[in-house]
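Take the position in the sequence shown, starting the count at 1, then add 48; the result is the number in this note's numbering.
Certain hints may be false.
Said to hold, decoys possible - Under the rule of at most 30 Å between Cα atoms (straight-line distance), these lysine-lysine pairs were calculated in the DSSO-like manner: (1) Lys88 - Lys101; (2) Lys91 - Lys101; (3) Lys88 - Lys103; (4) Lys102 - Lys91; (5) Lys87 - Lys68; (6) Lys102 - Lys88; (7) Lys87 - Lys101; (8) Lys95 - Lys85; (9) Lys85 - Lys101; (10) Lys103 - Lys87.
Since the hints were made in silico from the structure, they are not lab data.
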Amino acid sequence: MGKCHSPSAIYYTITINYMKYIIITLILILITLSISKTKKDTKVLEKEVHELKKKANQD
49 MGKCHSPSAI YYTITINYMK YIIITLILIL ITLSISKTKK DTKVLEKEVH
99 ELKKKANQD
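With these hints in hand, go ahead and build the complete structure from the sequences.
Dropping the structure here:
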C-alpha cells in the first residue's frame, strides 16, 4: 500500500476549496443584507421627508 497523498494534504485541499465557497457565500449574503437595509433606510427617509413636507404645508 504505497500512499502518494497523506490524508491531511487531501483534507487541507478540500478545506481550502470549501473555505472559498463559504467566503463567497458570506460576501454575497452581506451584500444582499446591506442592499435590503439600504432600501429600508430609504423608505424610512422618504416617510420622514413626506411628514416634514406635510408639516411645512400646514404652517
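Earlier hints that do not hold, by number: Structure breaks no hint.
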